[in-house]
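Asks: Let the sequences and hints guide you as you build the complete structure.
Quick mapping for you: the protein sequence lines, in order, are chains A and B.
Positions 505 to 829 (the working numbering) are the ones given, in order, by the first sequence.
Positions 3 to 257 (the working numbering) are the ones given, in order, by the second sequence.
Hints were generated in silico from the structure; no laboratory data involved.
Each hint should be verified, as a subset may be incorrect.
Unchecked claim - Far from chain A, some chain B residues (derived; all Cβ distances over 10 Å):
no.	residue
1	LYS108
2	TYR185
3	PRO198
4	LEU202
5	ALA256
As the list claims (entries may be wrong) - Okay, derived cross-link-like pairs now, PhoX-like style, lysine-lysine, Cα gap no bigger than 25 Å in a straight line:
no.	chain 1	residue 1	chain 2	residue 2
6	B	LYS50	B	LYS215
7	B	LYS25	A	LYS649
8	A	LYS726	A	LYS795
9	A	LYS648	B	LYS25
10	B	LYS136	B	LYS108
11	A	LYS615	B	LYS108
12	A	LYS648	B	LYS215
13	B	LYS50	B	LYS195
14	A	LYS826	A	LYS762
15	A	LYS680	A	LYS762
16	A	LYS826	B	LYS255
17	B	LYS215	A	LYS649
18	A	LYS648	B	LYS18
19	A	LYS649	A	LYS762
20	A	LYS803	A	LYS710
21	A	LYS699	B	LYS145
22	A	LYS803	B	LYS50
23	A	LYS649	B	LYS18
24	A	LYS762	A	LYS726
25	A	LYS726	A	LYS826
26	A	LYS762	B	LYS193
27	B	LYS255	A	LYS710
28	B	LYS136	A	LYS574
29	A	LYS720	A	LYS762
30	A	LYS710	A	LYS699
31	B	LYS108	A	LYS762
32	A	LYS762	B	LYS197
33	A	LYS699	A	LYS726
34	A	LYS615	A	LYS649
35	B	LYS145	A	LYS694
36	B	LYS50	B	LYS193
37	A	LYS574	B	LYS197
38	B	LYS108	B	LYS50
39	A	LYS699	A	LYS680
40	A	LYS519	A	LYS680
Small disclaimer: the values here were computed from a predicted structure and weren't measured.
Positions of the beta carbon are idealized from the N, C-alpha and C atoms, including for glycine.
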Amino acid sequence: MSRTYLIIADHRDGKLRQVTLEALQAAKIAAREGDRITAVILGSQLTPIADELAEYPVSDIHLIEHDSLKHYNPEAYLAALSPLLESVRPDAVFTGHTAAGRDLAPSIAAKLQAGQLSDVIAIEHSGEDIVFTRPLYAGKAFEKKVFREFPWVVTVRPNNIPAAEPSGGQRAPIVKADYAPAPSLRSVVKDVVRKTTGKVDLAEAKIIVSGGRGVKSADGFKPLEELAELLNGAVGASRGACDAGYCDYALQIGQTGKVVTPEIYIACGISGAIQHLAGMSRSRIIIAINKDPEAPIFKVADYGIVGDLFEVVPLLTQEFRKVLG
Amino acid sequence: MNIYVVMKQTFDTEEKIAIENGKVSEDGAKFVINPYDEYAVEEAIRIKEQSGGHVVVVSVGPERTAEALRTALAMGADEAVLIADERIPQDEYALSNALAAYFADKSPDLILGGNFSVDNGAGQVAVRLAELLKIPHVSSITKLELSGGNASVHRDAEGDLEVLQVSLPALFTAQQGLNEPRYPSLPGIMKAKKKPFRQLTLDDLGVSADSLKAKTAQIELFLPPARQAGRILQGDLPEQAAQLVELLRTQSKAI
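Replies: See below:
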């Protein structure tokens with residue numbers, strides 16, 4: 505029997521997020537010949553996003569467009585999605601493990617009384633099974649899991665599964681779905697405030713410049729921000745820096761906080777507590793800058809500079825600027 | 003106001019993880035209330051202190067979980083419930099349905115939980131519970147204000163701040179920044195010993211083990227390869243900075 509995989513697209517600022525293509529790739533790996541991969545986008549003013557997604561190998565794209573879906577609202581999104589879930593009857597739902605995806609997916613799983621695997625970092629075939637790898641203890645351990653029955657719900661962690669390639673030929677047809685907002689919504693989004701200073705999301709950043717207690721103050725983050733901006737990266741922080749009030753908790757990387765896997769992680773004035781290492785030790789290259797040569801962070805760093813971050817970081821910015829022009 | 007907190011006991015985040023016989027070794031491990039659930043417990047107690055109410059802490063887990071529940075009682079919760087039954091598998095479908103069965107004859111005004119647990123990290127159970135109970139939810143909140151039958155909450159969405167208004171009953175999951183959890187006081191610890199503590203099985207909940215069969219299965223558990231310490235650069239700082247950028251270009255091909 506042919507199966508149907510449903511991709512829930514994630515987007516931001518009118519652009520498709522890369523993680524959507526990673527979720528699509530995960531579904532492609534799981535799908536067998538003859539299976540159907542369909543996609544849905546929820547929000548308002550979705551045409552440019554749909555046009556972008558149409559380049560990729562999906563059989564069709566459902567648009568659920570309404571002003572009341574402009575911002576993510578768990579109740580409204582699930583209500584908007586429900587008719588589609590009933591008509592498409594997906595055997596599997598794939599989406600990103602993002603602010604919206606990680607919240608929406610368990611609601612869908614509960615609605616379908618389905619199993620869910622969250623925060624998946626790899627997917628592979630093993631005999632008849634499709635095997636999913638996901639972190640435990642924020643990456644201190646990993647597990648491989650399988651589903652015992654359909655339907656499945658899967659969220660994939662950004663930056664881990666390669667993105668699907670464009671289909672290079674036919675564009676996927678775009679179908680507008682009817683949507684009438686539920687009359688009795690019990691939750692309303694009143695306001696959305698953009699707090700992140702940088703434009704690059706921490707979870708999807710290729711380069712992260714992260715500060716610990718060693719930055720000493722909120723102002724101490726300035727040289728880090730400058731370096732991150734030059735490298736088109738994002739700024740992160742350790743729990744120490746967040747607890748000391750130097751930065752917002754939204755920046756925290758670690759077992760409490762976010763787990764990140766960038767290409768380059770530059771730890772500035774971070775000693776390297778076990779709970780912080782759990783959140784960043786799968787970065788491809790780790791650079792540690794710390795005054796204390798005994799700091800545990802050096803034990804996991806590919807390159808270490810023993811020195812004051814307030815001297816080293818501006819020097820690095822200068823050197824990178826030379827190279828990057 | 004009937005306030006419930008769904009919580010879990012987890013390893014302390016400073017613990018290293020070791021695998022023994024295909025399982026995570028619990029030998030000598032320090033257990034704590036899952037840090038995100040601790041914010042939920044604290045918030046529930048603050049609401050009770052400010053506007054009155056009754057706080058029940060509920061957990062599904064092994065017997066050792068009793069310690070975490072007692073800590074929550076010592077912080078100021080009124081009543082604890084431990085659903086301990088080996089027939090409940092470690093699967094979010096099963097865990098959320100067991101909790102939903104517990105809530106079947108309750109009338110919560112507010113259910114609080116953590117954004118995710120620092121061990122499994124899936125962030126599913128609380129959100130699933132809201133859907134099973136057909137009440138609205140907002141996850142990852144950093145602020146909660148109640149007024150009349152409504153809650154105004156701030157949600158942390160990957161750094162953005164979303165302000166939502168939700169009518170009660172509703173479920174919220176706590177993000178870091180919601181509050182600063184208190185330490186249990188000595189009188190609190192003494193009082194906790196006299197507070198109601200109930201332990202329930204699936205039979206008490208009227209749920210058959212058959213209906214809670216896991217939808218997923220773990221087939222392998224492994225530790226990541228240990229990272230090797232790399233190079234500490236030498237020379238004066240401007241030289242080291244130049245060297246690092248050069249290494250990133252040539253050796254690591256990262257820029």
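Asks: Against each hint, give a clear statement of whether it holds in the structure.
Replies: For each hint, the structure was consulted:
1. For LYS108 (chain B), the condition that its CB be more than 10 Å from all CB atoms of chain A holds, with the nearest at approximately 18 Å.
2. Under the 10 Å C-beta cut-off, the non-interface status given to TYR185 (chain B) relative to chain A holds; the minimum distance is some 15 Å.
3. For PRO198 (chain B), the shortest C-beta to C-beta distance to chain A comes to about 29 Å, beyond the 10 Å cut-off, and the non-interface label holds.
4. Every beta carbon of chain A lies more than 10 Å from that of LEU202 (chain B), the smallest distance being close to 21 Å; the non-interface claim holds.
5. A Cβ of chain A approaches the Cβ of ALA256 (chain B) within 10 Å, the least distance being about 5 Å, so the stated non-interface status is violated.
6. A threshold of 25 Å between alpha carbons decides the hint, and for LYS50 (chain B) with LYS215 (chain B) the separation of about 37 Å lies outside it, so the pair is violated.
7. For the hint pairing LYS25 (chain B) with LYS649 (chain A), the CA-to-CA distance comes to about 14 Å; that is within 25 Å, so the pair holds.
8. Proposed proximity of LYS726 (chain A) and LYS795 (chain A) is supported: the alpha carbons are some 18 Å apart, at most 25 Å.
9. Note on LYS648 (chain A) and LYS25 (chain B): the hinted pairing holds, with a Cα-Cα distance of about 13 Å set against a maximum of 25 Å.
10. A C-alpha spacing of about 13 Å is found between LYS136 (chain B) and LYS108 (chain B), which places the hinted pair at or below 25 Å, so the restraint holds.
11. Using a Cα cut-off of 25 Å, the hinted pair LYS615 (chain A) and LYS108 (chain B) holds, with the two alpha carbons roughly 21 Å apart.
12. Our distance criterion of 25 Å between C-alpha atoms is met by LYS648 (chain A) and LYS215 (chain B), whose separation comes to about 19 Å.
13. For the proposed pair LYS50 (chain B) and LYS195 (chain B), the alpha carbon gap of about 20 Å is at most 25 Å, so the pair holds.
14. For the hint linking LYS826 (chain A) to LYS762 (chain A), the alpha-carbon distance of about 32 Å lies beyond 25 Å, and the restraint is violated.
15. About 35 Å separates the Cα atoms of LYS680 (chain A) and LYS762 (chain A), which puts this hinted pair outside 25 Å; it is violated.
16. In summary, the hint linking LYS826 (chain A) to LYS255 (chain B) is supported, as the alpha carbons are separated by about 17 Å, within the 25 Å threshold.
17. Under the criterion of a C-alpha separation no larger than 25 Å, the hint pairing LYS215 (chain B) with LYS649 (chain A) is consistent with the structure, at around 15 Å.
18. Proposed proximity of LYS648 (chain A) and LYS18 (chain B) is supported: the alpha carbons are some 20 Å apart, at most 25 Å.
19. Taking the CA atoms of LYS649 (chain A) and LYS762 (chain A), the gap is near 22 Å; set against the 25 Å cutoff, the hint holds.
20. Between the alpha carbons of LYS803 (chain A) and LYS710 (chain A) the distance comes to roughly 22 Å, so the proposed pair stays at or under 25 Å and holds.
21. Of the pairs offered as hints, the one joining LYS699 (chain A) and LYS145 (chain B) holds, with about 15 Å between alpha carbons and a cut-off of 25 Å not exceeded.
22. Annotation: proposed proximity of LYS803 (chain A) to LYS50 (chain B) is violated, straight-line Cα distance about 46 Å (limit 25 Å).
23. Proposed proximity of LYS649 (chain A) and LYS18 (chain B) is supported: the alpha carbons are some 22 Å apart, at most 25 Å.
24. Restraint check for LYS762 (chain A) and LYS726 (chain A): the C-alpha separation of about 21 Å stays at or below 25 Å, so the hint holds.
25. The straight-line distance between the Cα atoms of LYS726 (chain A) and LYS826 (chain A) is roughly 20 Å, inside the 25 Å bound, and the hint therefore holds.
26. Between LYS762 (chain A) and LYS193 (chain B) the CA atoms are separated by roughly 37 Å; this puts the pair beyond 25 Å, and the hint is violated.
27. Taking the CA atoms of LYS255 (chain B) and LYS710 (chain A), the gap is near 13 Å; set against the 25 Å cutoff, the hint holds.
28. Our distance criterion of 25 Å between C-alpha atoms is met by LYS136 (chain B) and LYS574 (chain A), whose separation comes to about 23 Å.
29. A hinted pair counts as satisfied when its Cα atoms are at most 25 Å apart, and LYS720 (chain A) with LYS762 (chain A) qualifies at roughly 22 Å.
30. Between the alpha carbons of LYS710 (chain A) and LYS699 (chain A) the distance comes to roughly 20 Å, so the proposed pair stays at or under 25 Å and holds.
31. Straight-line distance between C-alpha atoms of LYS108 (chain B) and LYS762 (chain A) comes to about 34 Å, which puts the hinted pair past the 25 Å bound.
32. Note on LYS762 (chain A) and LYS197 (chain B): the hinted pairing is violated, with a Cα-Cα distance of about 36 Å set against a maximum of 25 Å.
33. Of the supplied pair hints, the one linking LYS699 (chain A) and LYS726 (chain A) holds, its CA atoms being roughly 16 Å apart against a limit of 25 Å.
34. A hinted pair counts as satisfied when its Cα atoms are at most 25 Å apart, and LYS615 (chain A) with LYS649 (chain A) qualifies at roughly 22 Å.
35. With a C-alpha separation of about 14 Å, the suggested pair LYS145 (chain B) and LYS694 (chain A) falls inside the 25 Å cut-off, and the hint holds.
36. With a CA separation close to 17 Å, the supplied pair LYS50 (chain B) and LYS193 (chain B) stays within the 25 Å bound.
37. Straight-line distance between C-alpha atoms of LYS574 (chain A) and LYS197 (chain B) comes to about 47 Å, which puts the hinted pair past the 25 Å bound.
38. Between LYS108 (chain B) and LYS50 (chain B) the alpha-carbon distance is near 18 Å, which keeps this suggested pair within the 25 Å criterion.
39. Distance hint between LYS699 (chain A) and LYS680 (chain A) is unfulfilled; the C-alpha atoms sit about 33 Å from each other, more than 25 Å.
40. A hinted pair counts as satisfied when its Cα atoms are at most 25 Å apart, and LYS519 (chain A) with LYS680 (chain A) qualifies at roughly 18 Å.
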